[in-house]
Amino acid sequence: MRVIVAGVPGAGKTSIMREVANRTNHDIVNYGTLMLELAKSRNLTNDRDSIRKLPIEIQKELQKEAARKIGEMDDVIVDTHLTIKTPAGYFPGLPEWVLKEINPNLIVVVEAVPHEIMRRRRLDNTRKRDFETQGDIKEHLDANKYAAFACSILTGAPVMILTNRDGMLEQAVERFMEAFK
Amino acid sequence: MRVIVAGVPGAGKTSIMREVANRTNHDIVNYGTLMLELAKSRNLTNDRDSIRKLPIEIQKELQKEAARKIGEMDDVIVDTHLTIKTPAGYFPGLPEWVLKEINPNLIVVVEAVPHEIMRRRRLDNTRKRDFETQGDIKEHLDANKYAAFACSILTGAPVMILTNRDGMLEQAVERFMEAFK
Amino acid sequence: MRVIVAGVPGAGKTSIMREVANRTNHDIVNYGTLMLELAKSRNLTNDRDSIRKLPIEIQKELQKEAARKIGEMDDVIVDTHLTIKTPAGYFPGLPEWVLKEINPNLIVVVEAVPHEIMRRRRLDNTRKRDFETQGDIKEHLDANKYAAFACSILTGAPVMILTNRDGMLEQAVERFMEAFK
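Respectively, the protein sequence lines represent chains A, B and C. Residue numbering for the first sequence is 8 to 188, as defined by our numbering. Residue numbering for the second sequence is 8 to 188, as defined by our numbering. Residue numbering for the third sequence is 8 to 188, as defined by our numbering.
One or more of the hints may lead you astray.
As the list makes no split between identical chains, a pair holds if one copy fits it or if it spans any two.
Here are the simulated DSS-like pairs of lysine-lysine, each with C-alpha atoms no more than 27 Å apart in a straight line [what the hints assert, rightly or not]:
no. : residue 1 : residue 2
1   : Lys-76    : Lys-92
2   : Lys-135   : Lys-188
3   : Lys-47    : Lys-188
4   : Lys-188   : Lys-60
5   : Lys-60    : Lys-92
6   : Lys-92    : Lys-47
7   : Lys-188   : Lys-92
FYI, nobody ran anything at the bench for these hints, they're computed from the structure.
Let's have the full structure, built from the sequences with the hints guiding it.
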């Protein structure tokens, strides 16, 4: 299986992903980290944020190259984003040329209700995040779903919308496990 | 016209489709049945459920072949799904390679309000269906719409969102008929 | 920058677009007008409404040709639609073959709350518009967003959802300007 897992910050995809990777003997690959490693190895840049400042054609090459590597892996969970929220709008994390190289068997969208996401972000002091209202979070959650179904049509991969409520991690993991049966 | 008609179970697409096919002299082709016939004629399988257990490349070949046949038909209403709900997620009924072979002139999404769909399912004893809450049904209705608009962009076909309220079949049929003017 | 700006009638995209074009030194190109000019120069038709009555292959050629011209322009804001509401359904304003020729850097969806859109339409006597309920308008707003994210995945362009509330044009313009930083 090559599974893509995405979700807005605070949806809790990391805990779910780790648990499922563990139970199913899958590796977790972070797409952004893989791109950064490729960029470093070619002396293009050394930090994540400046990738976006590279010429667009070089960014695309890095994206494709990273995606191609993942497409060659088996039993892997890809930690990435369907949309990345920036002041300039929602950037697609899985444009067609990335998606078709990865060629996933499943796309999992991890969700939670906006007020739970808000609370989790507030409690997480390890990352600096811009404040978002429940309405902002709702918009981002919706954007991810719109994107997920477009990705599904381009690849044939099913979309699992996985709700990760407070205190119900085990239920979410068990639902995810259905896809491996 | 080559018209795709889709809708969640209980939305009532069958009654609408039959009436419109009748008034417009179109044939109805069930995409799943066509795939099954192809699978049978090649001695691949004899029942619908085991198609999904065939190797993925063979499934894709069957999908494409069925879609190609439909793409050669005129005046046909294609009875199919935008998304198929399974424990492993929503499978796309119209991935790009199917869609571009069918090359539809119109995509009709038949809808109803969740509580009406729930009631219709409860009254229909002919099929065994998993129980779904109104929230589940809402999610499936939404998934269909997200998928429909992605299909529209890939084909240029318009999307008609057709509400089929209890006791208002004739109104739904008449709205559908607008597309044949 | 090649920026696509879309929005339902009454969302107020024209005022925003003009102001941003002005501040950023971009030209505004109306996609429909460009298609009409091409149709006229080939003696195919003289009015906008009859373009849709031309054979579908000729329409596609016109669409592609107009899109190709825009794809060659720099610093342009493209005034167009994500979906065009007709009695036969929502037509895609940016099918794949148009989208990939335009190859935008940004897709802006201008929105407002349904009741504000309703009021603006009522106050605008210059155009004849079919009456739509708030529910109808909501459906159209949603359709545009579904389409926008599919377009984003096909092109890699980010989607900016831009709310244009009554009396808050300057705020909307300033948010739009973020994309030019």
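Right, here's what the structure says about each hint:
1. Within a single copy, Lys-76 and Lys-92 get their C-alpha atoms as close as 25 Å, which meets the 27 Å cut-off; across copies the closest is 31 Å, which misses it.
2. In this assembly of identical chains, the alpha carbons of Lys-135 and Lys-188 lie at most 27 Å apart only when taken from different copies (22 Å versus 38 Å within one copy).
3. Within a single copy, Lys-47 and Lys-188 get their C-alpha atoms only as close as 39 Å, which misses the 27 Å cut-off; across copies the closest is 26 Å, which meets it.
4. Within a single copy, Lys-188 and Lys-60 get their C-alpha atoms only as close as 43 Å, which misses the 27 Å cut-off; across copies the closest is 12 Å, which meets it.
5. For a Cα distance limit of 27 Å, the shortest separation of Lys-60 from Lys-92 inside one copy, 16 Å, qualifies, whereas the shortest one across copies, 38 Å, does not.
6. For the identical chains of this complex, Lys-92 and Lys-47 are intra-copy neighbours only, at 24 Å inside a copy versus 42 Å across copies, given an alpha-carbon limit of 27 Å.
7. For a Cα distance limit of 27 Å, the shortest separation of Lys-188 from Lys-92 across copies, 16 Å, qualifies, whereas the shortest one inside one copy, 34 Å, does not.
This entry satisfies every hint, going by the numbered hints stated previously.
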